[in-house]
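Make one complex out of these two single chains by using the hints.
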Amino acid sequence: VTAITRLTIAGDTDLARDVYRYAIGNALAERVSVRLSPQEFETTDEVVISVAAGEDLPEFAAAAVAAGCRLATLPIADLPGELEAAAESGQLRQFSPHFGRPVVRRLLADARDGRVGRPYGLYVAHRLPRSSAGIFAGGVSGLVALALEVIDSPPVRVQATHASYDGSGESWLLLLRFDGDTIATLECSAVLPPGGPESGNLLVELTGSDAVLRAEPSRQAVRVTGAEGRQIARDWAPNPAGPLLQHALAVLERPAPLPQARIVDVLRAARESAGSGEPVSLMS
Amino acid sequence: MDRLRVGVIGTGTIALSAHLPAIAFLREEIELVAVADIREETARAAAERFGATAWYTDYHELLARDDIDFVDVCTPEFLHGEQVTAAARAGKHVLCEKPMAATLADADAMIHAAREAGVKLMVGHSRRFTDRYRHARRAIEEGAIGRVRLVRENERRPISMYSVLNLPTGYWSPEGDRPWVSHPAYSQGAALTNAVHEMDLARWFVGDEAESVYAEARVVSPDSEVPDFLSYTISFRNGAIGAAEVVNQLPPNYPYFHMLEIFGDDGMIQATDPAQSPYELWEDQGIRLPENFNLLLRVDNAYVREVGGFAQAIREDTPPPLDPWDARQALALSLAAVRSSQEGRRVFLSELEKGEVRT
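Residue numbers (the numbering used here), protein chains in the order written: chain Z, 1 to 284; chain C, 1001 to 1359.
If we strip away everything but chain C, and leave its shape as in the complex, we get (with noise of 0.2 Å):
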């Protein structure tokens, strides 16, 4: 079997930390060919580490390449539509990590340039390619626990998460010391960066469009000028409930964790981190699960499923595993907390709409 060839646009946390780890457990499937990153540095010590044999720091040269098959857009979301439209324009199948874009428009453009061109778009939301969240949509699909009608989450993450468990970190500086993930020019804050995953959850276990939004958000970290705390309501057409909290700044040595619970008419699901974890580390300062992210990252293998599940879909010419669709819809709810929280008040999904066409 020929190997399909990949070329990786963007070489900071998530490249580092996910999808050229994944992209490097696949060799036997997927050749790494080229990475492309604004720095020059970053860009050279990914493509030496994972063993591509070219490198830029414009992403059009790796584009211009008539040997990639496909391109893994791992930058920020500010840069998705420019970059996804030029792929796919350039006859390259792209998957992309979440958020899907910054605007519903660059969504809209994303998956109408891919159509256009012939090429598959997948949108990485890794939760979907995560053991426990495909057994809990399993046990939904087979009856389970009956009509869905809440599903409560909570995201907590450390502020340490990435030094503690000793993960490479590459956030993007565009002005000085900032990083865009926490600069308003370039992050809208914790709805896109974080609970996209939480409200794209809601909606596959609700298996139903949302109806409205009501969000309350904070900035609790000095560093950040973008919010990092976020909790939210979402009401779906259905009349179920999707509610998270979603913190990004807890102290050092607050296990990473994610709570989910799923209540329907006959039953419940419950799958709380702290409870499940395989490894508990006390020390002076209190409980460490080290294990947690680590075990979404690499254990679990959600991001070696997404990127084979993607180029599966490549090599037998079907559907990806995920819709670009879905992802639209994840990105419109984290819109709609966004604008709701600045705006106090409830926002209904059909505003997001006006003035932009389904594609």
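So that you can see chain Z by itself, here it is in the shape it has in the complex (with noise of 0.2 Å):
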């Protein structure tokens, strides 16, 4: 924390949104002593955090954080030139908010201790209410950014389906296929019915040659079977605000960290392909 001189925070995590609405973004704050405007993510539905340092770091630009302090009320599939400069150059940092599941960062962890051998494929499938909106923002670029980072080889093509049910929610389907073949399956769906779990679910399966690892943060709930059906009346988990910092932060200390202009070339790209149905390539 001492290395960042500046940081702006731009829109908060969507998970169990109802319980814990701002905690990520007040728990930076308060990490870093600096005042939280919340008007700012009164207007957003973005899901990204973006942590941006002060110029006197050399790997962060004055423009980075310019535009960080814009993002809370930017789309992801509309970035302006300057937002896309700095993504394109590593100054935008985005984690999926998943990574504030200790569940999530176990599979991570393992994942990059080899512990799947030849990795075959992930499955990541997050299931929101019906009435959710903006789930490409909200969903989709949590689900890329987890990909991202849990299969460590750049990714070659993605295609991507979505469809929109009259009102009665979306999908969204990414096939995504990385340099050593592995296929990411990821699936975002505003589909749950009311009387489903409030906070929605998340799945995560790594498979691969040794092992399989897979991870599903949303059974830590108590469930409540009352007149009007199953609901998870409390997600009892521990508040992701904590360890998604420290995850933030740790990948912000990598001498290497993940290049994140992938993230916003994966999601322009899903956009695209969900146009024309048609893959789009990713080979630079």
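What the hints contain is simulated information worked out from the structure, not anything from laboratory work. Source: prediction; values computed, not measured. Don't take each hint at face value.
[What the hints assert, rightly or not] Quick partial rundown of chain C residues pointing at chain Z, CB under 7 Å, derived from the structure: (1) Val1220; (2) Phe1263; (3) Gly1267; (4) Arg1346.
The beta carbon of each residue, even a glycine, is placed where N, CA and C say it ideally should be.
Below, the structure written as structure tokens:
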């Protein structure tokens, strides 16, 4: 933390939005003693935490800070030029909110330790209540960020399918192929009926030659069955803010952090693919 | 009631593990007369084990018998076109293991031959006869979840599935030691071998035809030359989506399971095997759910329903419980996935119909 001279927080996670609203942003702000502007959060559906340093650190430019300040109101699919530049130059930092869940971080650690042997595929499904809005920014981006950290090789191409269900939700399905042939199947859908779990659910499964890693953090919940049907009344998992902050700082302190421009590239390509139905190459 | 007399062509893995046990279970209704397999020892052993009075290495000899009412074709899909057509022309009703064929031309020829000969043809998509899927379908028909929007499936098979579960294996190796199922001259990989199940179910649950398929595939087993890992997305004409990830080569002791989730406008259906296994075995290497595959094969009696349902249709001269057109369309989805993964593009079902006649 001491190495970061300026912190900009723009957006918040949608994990259990009602329960943890702004929790991560607040935790970050408190950790580094900056004032939080809640009004900015009220206007955004983004799921981006942007941590940008000041001019005195050579790896972060002032442009990234300025762009990060405006991030809260920017849709990912329509990035302004300076933010794209920040992303492509590696100055923008995005982290999957799912790394706020200890079990997902454990899966990442085991993957990095080579526990699966030769990776075959990554399957991630994030299901949200049917009423959820903006799941591309609020859900798909988190899955892409997760996949790019878990699969330690460059993405080669992406194909996306989007379906909107006439007011009854929507689905995004991404097939992401990596160099080395690992295939990620990413699905984010707003399909859970009112009787389903309110905070959504998440399943991450990494298959490989030596092991299968399976993380299902949303099973850590108290299930209440009442007259209205089953629902998760209280997610008792630890507040994800602290673990996510730790994860973000750990990534920032790596000698060679994840090339964050790839996240923006994949999201942009996924949007394009969803329009045409055809895969989009990610090879530069 | 006179028993129907059956001949089984192909006595490999699926015959030994599913079809022949089902026929034996139905012995009061069906008599196993003869078996045929290109491998002499395999044919003889199957005949002795399951009580057939004759065995052949040339299936034409089985078809020449006039005391056989129907044949159960349990050979690899690349042989189905020739064998099913020959069986129909010999006047036998035909039950054929999935996938229906290796090409749509073969599938269409099979349908045409059966119609010309006036015999019944059914392809054994066993999951249509499995309780968990029948329950799901019934719930959809009753309107429990409203209009189906998304069918999500994952199929996981450990590399040790057959040996761990002590099931017989008998993959034919037409060239040396390479089983046909992993040989590119004979197999198109998991899209046909396994995913045809998921595709058929998705089409059944959605209740509409597909428009296009996009698939990514790869080879993960060092012993395979055809893709044994497949992930795909189907876009249906009515806007619904079907998607699945299928992998055959997971580490030993990983549980065999098929995860099914169906989301509709008014609700959802979830059937995830590991959570529903009636038996769990925890050991040093982790958890095993050894009853799951047995559940599908035996306890649930899906193959008994499949074979018995076909026999009943013959006896009562009614349409078989599964129309061959459904199997043909499931095959079309599988072939579209193969082409999509090979060409790196979305494949429309209409592309596959060019030059072929819907019968």
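Quick rundown of the hints versus the structure:
1. Val1220: Constraint on C:Val1220 satisfied, holds at 5 Å.
2. Phe1263: Holds, because the Cβ-Cβ distance from C:Phe1263 to chain Z comes to roughly 4 Å (cut-off 7 Å).
3. Gly1267: holds (5 Å)
4. Arg1346: Holds, because the Cβ-Cβ distance from C:Arg1346 to chain Z comes to roughly 5 Å (cut-off 7 Å).
Going through the hint list in order, the structure satisfies each hint without exception.
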